[in-house]
Each structure stands twice: as C-alpha cells, then as structure tokens.
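Chemist: Single-letter residue listing:
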Amino acid sequence: MSEQRMNPVSVGLDDGYAFTKLALPDGRLIAIPSRARLGRANVTWIDNAEQRIFEYETDDQSFAVGEVEAEPTYFDAYPFSGLNRAIVQHGLQKAGLGGHSVHAVSGLPVGSFYLKDGSRREETLTKKRDSLKRTVRPIDSRLPAAIAFHEVIPEALAAWYDHVIAESDNGVQLESERLHAPVAVVDIGGRTTDYVVVTNQAVLHGSSGSLRCGLLDVKREVADGIRGRFDMEAVSERSVEEAVQRGSVRLFGKDHDISDLVKTAQRQVVERLHAETQRQLGRGAELERILFVGGGAVAFAAQIQDWFPNQTVADHPAFANARGMLKYLRYVCETPDGA
Amino acid sequence: MLVESLILQRLDTVPKRRHQDWIRALLVQGYLAESGMVRRLNTTTSENRTAQCRVQPSPRSGFDFSDWVGRSPPRKPMVTPGVTKAVPESVARQGGSGKPFAHLRKVVG
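Sequences listed follow chains Z and H, in order. Note that my numbering has the first sequence beginning at 1, numbered continuously upward. Note that my numbering has the second sequence beginning at 1001, numbered continuously upward.
Just so you know, these hints were derived from the structure itself, not from any lab. Here the structure is a predicted model, which is why all the values come from computation and not from measurement. Even glycine gets a Cβ: it sits at the ideal position worked out from N, Cα and C.
Chain Z regions said to be covered by chain H (calculated; three or more residues, Cβ under 8 Å):
id, stretch
1, 160-168
2, 201-210
Selected chain Z positions facing chain H (in silico; Cβ < 10 Å):
id, residue
3, Ser101
4, Thr126
5, Leu179
6, Thr335
Straight-line alpha carbon distances no greater than 20 Å define the calculated SDA-like cross-link-like pairs of lysine to any residue that follow:
id, chain 1, residue 1, chain 2, residue 2
7, Z, Lys133, H, His1019
8, H, Lys1106, Z, His205
9, Z, Lys94, Z, Gly66
All chains should be modelled from the sequences, with the hints used to inform the complete structure.
Modeler: Encoded structure:
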C-alpha cells in the first residue's frame, strides 16, 4: 500500500434515491444512477471495456450495480441498506477511489434527520453513519474504497453550506452577507423534497421539513399510465426511464407517443410541490433568497421558474448538496485528524 | 509521559463515538510523521556529518514500516490538496479541530 493510498480522500457524498452524486476535492463532480439489484448479474462480458454491470458483496449479500433492471430505492430503510452501500461503493469506484481510504459526509432528508421539535434522531443518524462504514467488496479484482470516517448532515442544509462557503483560487471564505440573511433552501430530490430555512445561522424548524414527493413520483405515475393504456401487468423500470426521457415507449416492436402521460405526471408532481412550498414558506416575502437545488430544480426548471420573485437556482443544482457536504467536511466538520 | 497525558486530554475532548476514528487517525499521523522523518534523515545523512554518526534504525527493530514508506514515491496529493488558503481573519475562527469554520457546526444542531 503506498503512502498516497494511506492519505484519506475527502468526499461529499449525496447518496440520493434517484442519483448518487459525489463531489471531490479536485473539483470533479460525479453522478451515477442509484440503480442496483440484489443478486449477481450472471453476465459474462466479452469485452471488459464495455462492462456495464458491476458486482459487489456486503454482509454476505451480492448486488449488481449499473445497467440492471433495478430494484426500487424508495423504501424507508434504503439509506441503511446493502443496496445503498453497493451503489455508493460503485460511485467511489467510478471516482477512482478503489484502494483508498475515504472520509465522507453524506445526508439524510431533513424529516429523517430531525424530530418535529428540532432535536436530532440520533439512532437513525448512528445507523446511517455506521452503515456506510461497513465493508463492501467488489466481486472482481478491484480494490474496495474504505470509508474510514463518515458524518451525516441534513440534505438541504448541505446546500446552505455550499451557499455560504465560497472557494476560489485565492482560498476559502465565508460569504458574510449570505451568512446572516434569512434563506430558504428547496431541495427537489428523487423521493423527497426538503425545505430548510436558515437565519442568523440557525435552522427554523417550524418552516423546515420534508415532503415525500420528488422526481421518482413522475416515473411512478408514467409507469401506472403505460400499464393502464396498454393493458400491461408490468412494465420494466428501464422502459419507464426511457419513456420519461423520450416521451415515447417502445412496445410490441413499435414506438408509442406517451408525451401526454409524462406531461400530466410532471404537472401533478409540480402542483403538489408548489402547494407544499407555499405552505412551508408562504410568499417568502421576508426571505432574502429562496434557493432551489437538487435534480428536480433541473428537471422542473421551466415549471418552477416564477414561483417567487426572490428565488434563484444554484449552479449545477443537482450537485449543490454534494458540494456542501464536501465543504462541511473540509472546513467545518470535526474529523479525527482535524484535517 | 507528558505526550501520553496530552493525548489522553485531547481524547477526552472528543465525543466517545469518535474515539476509534480519532485513535486510528492519530496512528496514521504518527506513522506518516515517522516516515517523513526517516526520509529527511536519509536525505541529510549524505550531507551532514552528525547525521552520518547516528545509528540507523535496524531493519528488524520494528521500524521496518517507516523504511518501507520512506522508499515509496515522494508524498504528493492524490487530488487537489485540502488546504485552506488566505482565509480572511474576519470570518475564519478556529474550532476545536482546527477547521476554519468549525463554529458553523452549531447550525446543524
């Protein structure tokens, strides 16, 4: 083992239900679909360069990650599951961190992180913290990436850290005018949409929380629509994914236009998000800024653009949480080495 | 004994759940410091007569690992180094772990 491998690599790890995003200290941002299934793929790759499914083992269970017919990630125990660990390990491998020791900060939805009174759900946090530190072994010749240190913060709050800590070639500094201003972060994710309001460096728990609605609900609605329209009992997750992207689905050897189903599903989800956002934030008149982040801020960009006069969308919004997690790890978090 | 006492004092300030990680990091730091010292000694040995007179650690003395690291390629960052440059004093406050914005931990609660 070289000394280089001994030095832990810091990673901001936003292990979402739809995508797993990594932010690395060299500025790289990496995203992989949170797509995996229990069991081995049983595929022999003729050309390893074309390998698209990778296998991992954790807690005596095997998982296939990549271009597989994925199992749904939207179950409550996902953040502590072997499925999650295998997907995260795959992300770390994609980042070239096999064989390295990793220090990571990841997140949980605001509603999973805090109780209603604002106290932390310590048991849940310990469970999540410990889960990713468990060994995950690639079932091939690759070396595992080992997470030696792992801290958990609320997902939308990570984006606030990204908002107030600015890195540049000249160093790192706090954006002091942002630090004290009342700011709301709306994080539209895969399974949940998180709200967090921060003012004077304190979270206002009355206006913060999670709504169980996100991008994956669009897929679910479209899947239901396809099953109904074409009288099918089941439709594969891959077909639905493509249908949402292309607005058409290929069945019985022909392309079928289902753009109306996609539009309807998007409209329903956006309406629900809009109503909940207004309930949480009102008109946002006393907020200096309402910051939209998460994959939904990209996917629903056209639909959410005029919700508030004082709203902005973060740069590369899908990575705002991962960037904030990395900044928290590097400049804020208590780490064993203080580095 | 003084060093041991300092280490125990510092360990007391770390939350219990972090003890294992903290001790592991301490070992790694000590290991890296030791290897750095061995490298420096190796470099200066050929130039410095005093250093030439020092007894080199025996390959079987238990310090073999340092020599092994000493032979490894020079230390270089795997990625952009996680250094904090030019932190304005008006905003950078040192927390217990030496992180420039450690005071922002309280936001999480």
